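K.L.:
If you're matching them up, the sequences are chains A and B in order.
Its first residue numbered 1, the first sequence is counted upward by one per residue in our numbering.
Its first residue numbered 1, the second sequence is counted upward by one per residue in our numbering.
These are calculated hints, taken from the structure and not from any lab test.
Hints should not be assumed to be uniformly reliable.
[To be verified] What follows is a set of in silico ranges between Cβ atoms, one per label pair, in the way DEER data are often shown:
hint : chain 1 : residue 1 : chain 2 : residue 2 : range
1    : B       : Tyr22     : A       : His127    : 20 to 30 Å
2    : B       : Gly89     : A       : Asp19     : 28 to 38 Å
3    : A       : Asp19     : B       : Leu110    : 55 to 65 Å
4    : B       : Arg76     : A       : Gly213    : 37 to 47 Å
5    : B       : Leu181    : A       : Ile70     : 29 to 39 Å
6    : A       : Pro129    : B       : Ile163    : 51 to 61 Å
7    : B       : Arg76     : A       : Asn181    : 31 to 41 Å
8    : A       : Asp66     : B       : Met29     : 50 to 60 Å
9    : B       : Leu106    : A       : Asp19     : 49 to 59 Å
[To be verified] So these bits of chain B aren't anywhere near chain A, every CB distance computed over 12 Å:
hint : residue
10   : Gln3
11   : Val4
12   : Ala27
13   : Ile93
14   : Met99
15   : Leu119
16   : Ser124
17   : Asp126
18   : Leu138
19   : Thr155
20   : Gly178
21   : Gln191
22   : Leu193
23   : Glu231
[To be verified] Chain B stretches covered by chain A per the calculated footprint, using a threshold of three residues with CB under 8 Å from any CB of chain A:
hint : segment
24   : 67 to 81
25   : 166 to 172
26   : 208 to 219
From a predicted model like this one, the values you see are computed outputs, not experimental measurements.
Cβ coordinates follow ideal geometry from the N, Cα and C atoms, glycine included.
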Amino acid sequence: MIEATGLTRYFHGHAVVRDLSFSVRRGEVLGLLGPNGAGKSTTMRMLTGFLPPSSGAARVAGIDLDGDTIELRRRIGYLPENAPSYHELDVATYLRFIGRMHAMSPELLTGRMSEMASLCGLKPVMHRPIGELSKGFKQRVGLAACMLHDPDCLIMDEPASGLDPNQIVEMRTLIRRLAENKAVLLSSHILSEVEASCDRVLIMDDGRQIAAGTVNELSSRYEGAQSIHVSIKGDHAAVLAKLGEILPKAEIEVDADEAGASFVIKAEEGGAALDEAVFRAVVEAGAVMIDLRHERLSLEAVFKRLTSGERT
Amino acid sequence: MKQVLALAYKDWRLSVDTPVVYVAAAAFMLVSGFVFGSGLFLGGQAELRTFLGWLPLLWMFFLPALAMRALAEERRQGTFEVLATLPVGSGQIVAGKFMAIMWQVLLLLLLTLAYPLSLAVLASIDAGQALAAFTGALLLGASYAALCLFASSLTANAVVAYIIGFSLILSFVLLDKGARLMSPDIQTWLQVLSPSQHYESMLRGVLTPEDVVFFLCFSMVFLMASNYQLERRRWI
Chain A
1 MIEATGLTRY FHGHAVVRDL SFSVRRGEVL GLLGPNGAGK STTMRMLTGF LPPSSGAARV
61 AGIDLDGDTI ELRRRIGYLP ENAPSYHELD VATYLRFIGR MHAMSPELLT GRMSEMASLC
121 GLKPVMHRPI GELSKGFKQR VGLAACMLHD PDCLIMDEPA SGLDPNQIVE MRTLIRRLAE
181 NKAVLLSSHI LSEVEASCDR VLIMDDGRQI AAGTVNELSS RYEGAQSIHV SIKGDHAAVL
241 AKLGEILPKA EIEVDADEAG ASFVIKAEEG GAALDEAVFR AVVEAGAVMI DLRHERLSLE
301 AVFKRLTSGE RT
Chain B
1 MKQVLALAYK DWRLSVDTPV VYVAAAAFML VSGFVFGSGL FLGGQAELRT FLGWLPLLWM
61 FFLPALAMRA LAEERRQGTF EVLATLPVGS GQIVAGKFMA IMWQVLLLLL LTLAYPLSLA
121 VLASIDAGQA LAAFTGALLL GASYAALCLF ASSLTANAVV AYIIGFSLIL SFVLLDKGAR
181 LMSPDIQTWL QVLSPSQHYE SMLRGVLTPE DVVFFLCFSM VFLMASNYQL ERRRWI
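Looking at chain A on its own, in the form it has when it is part of the complex (with noise of 0.2 Å):
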């Protein structure tokens, strides 16, 4: 649905974007991650057609960003960042003025008018000035009127900025369902929401994709050595002992008192065989399992990984 080859753009001779692939098939949310400057925005731009790229191609909802923008932008939909929206008018005339520029009839511009005040629980304020709602109802009013003519694409700019939790909560669920027959692009500064809400993720830093993938597969690339925290209840320093026996090579923190200890077990190699190791050394040393968890590496430290520059 989206393809982009080879995006890069130039503002007064700068690169803000530099040689960017990806692409984001029907069904599925594609979040783009990056600091301040990344070139997110600049991206998504390019996408809509509203800046045209300095080289390199893209093809949104099958038309190419050479060929004809207005039909392409017919198939998108944009929110860009901060929601912006006149704010003077009220919900149910801007909403109008939306349709009516995208040439809909108007039975149907009426009723999907009433279907976007339903799904973004705008039916309350479709009469009020967007001037005079809150950051989370003007972010909605965006939110609908990107969606209003059914786009096969929707590319959101930070579409839960500015909103409380339960805001973020309501908008994940809304983008998850959106998402289960259109392309959706969205870029995001909450690191949490785009773990929740997006099937794969692109990090960005100056410009350039830097990784790219799911947050499975970027949590395990990056993390490095394997860590595994183990709850016992027994002779801990038996354990130790086995654990020192099976897995020599392994680096061991413990943290015991009477009733038992938790060990953080760090081995190169890890996996169900590491699992099965640890299991065999706390079984043989008499002791009894309480808790086996995996330390998955957060998308939030993999995100500073990256964009510091301490990458593995």
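With chain A held as given, fit chain B onto it using these hints.
P.N.:
Using the frame of chain A, we list chain B on its own:
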């Protein structure tokens, strides 16, 4: 065309939902009423020419106010990004914006119809001359509206757009005045380019195709310049 109308209607709603158009209409009627009334009561002349003669000056102050927000405010509020990613070309955006300003110009001119109507009660007026003069006023308004729309496309600040629009109109007025100091050849050329000079002839009741074509071309040049400006902004 439907999209152009939708955009013009949106701008019209924005102007009637804010005090700008009411303040402009009230101030316009106050000043034009004073000019008309002073001609009638102090000058003792029951004619429209006094008021219509002042109209270029009134347009110079009022049209930049009506047009200053058109594109500048869209850029300041970030709504231009919404507008430019809707399925319309920049030409349609310019046309919609121009249409919305022209609706306001028409509103102001309709309000001033009170003057010829009140004169018609006192004396007989030359309907042909009044029609030519009002057509001239509308065409002059269209030319200055296009000029001020262009000014609004140059900046994201409405006040700066007002100053640019005012200065551009003033420079065309000064072109006409300055031409009188030049040699006859240059004078003729400069006066051809002056909207107020063309308006003067329409004010006398002479409606020539040359004048109409001049105003249409003048408006078109600045609408195309606004369109160029919108397109250019995508590249910088």
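K.L.:
It remains to establish, for every hint, whether it holds in the given structure.
P.N.:
We went through each hint and held it up to the structure:
Hint check: B/Tyr22 to A/His127, Cβ distance near 22 Å, so the stated range 20 to 30 Å holds. Distance hint check for B/Gly89 and A/Asp19: the Cβ-Cβ separation is about 30 Å, which falls inside the suggested range of 28 to 38 Å. For A/Asp19 and B/Leu110, the hinted distance range of 55 to 65 Å is satisfied, since their beta carbons lie about 58 Å from each other. Under the hint 37 to 47 Å, the C-beta atoms of B/Arg76 and A/Gly213, about 40 Å apart, fit the expected range.
At about 50 Å, the CB distance of B/Leu181 to A/Ile70 disagrees with the hint of 29 to 39 Å. Checked against the hint of 51 to 61 Å, the pair A/Pro129 and B/Ile163 fails, with Cβ atoms roughly 29 Å apart. For B/Arg76 paired with A/Asn181, a C-beta distance near 37 Å keeps the hint of 31 to 41 Å intact. For A/Asp66 paired with B/Met29, a C-beta distance near 51 Å keeps the hint of 50 to 60 Å intact.
As the Cβ distance of B/Leu106 to A/Asp19 is approximately 53 Å, the hint placing it in 49 to 59 Å holds. For B/Gln3, the shortest C-beta to C-beta distance to chain A comes to about 5 Å, within the 12 Å cut-off, and the non-interface label is violated. Residue placement check: B/Val4 does not keep its beta carbon more than 12 Å from all beta carbons of chain A (closest about 10 Å). For B/Ala27, the requirement that its beta carbon stay farther than 12 Å from each beta carbon of chain A is met, with the minimum near 21 Å.
With 12 Å as the threshold on Cβ separation, the claim that B/Ile93 sits away from chain A is violated: the shortest Cβ distance comes to roughly 10 Å. Its beta-carbon lying about 14 Å from the closest one in chain A, B/Met99 satisfies the requirement of being farther than 12 Å from that chain. No Cβ of chain A approaches the Cβ of B/Leu119 within 12 Å, the least distance being about 38 Å, so the stated non-interface status holds. The Cβ of B/Ser124 lies farther than 12 Å from every Cβ of chain A, with a closest approach of about 46 Å, so its non-interface assignment holds.
Residue-level check passed: B/Asp126 sits 43 Å from the nearest beta carbon of chain A, beyond 12 Å. With 12 Å as the threshold on Cβ separation, the claim that B/Leu138 sits away from chain A holds: the shortest Cβ distance comes to roughly 27 Å. Interface exclusion of B/Thr155 from chain A stands, the closest Cβ pair being 18 Å apart, more than 12 Å. The non-interface label for B/Gly178 is consistent with chain A: the shortest C-beta to C-beta separation is roughly 38 Å, beyond 12 Å.
No Cβ of chain A approaches the Cβ of B/Gln191 within 12 Å, the least distance being about 42 Å, so the stated non-interface status holds. With a least CB separation of 35 Å from chain A, B/Leu193 remains clear of the 12 Å interface cut-off, as annotated. Its closest Cβ contact with chain A, about 10 Å, brings B/Glu231 to no more than 12 Å, contrary to its assignment away from the interface. Three residues within the 8 Å Cβ limit are the bar, and the segment 67 to 81 of chain B against chain A gives 4, so the coverage statement holds.
Counting residues of the segment 166 to 172 of chain B whose C-beta sits closer than 8 Å to any C-beta of chain A gives 0, which falls short of three, so the coverage hint is violated. Requiring three or more residues with a Cβ within less than 8 Å of a Cβ of chain A, the coverage given for the segment 208 to 219 of chain B is violated, as only 0 such residues are present.
Of the numbered hints listed earlier, those contradicted by the structure are 5, 6, 10, 11, 13, 23, 25, 26.
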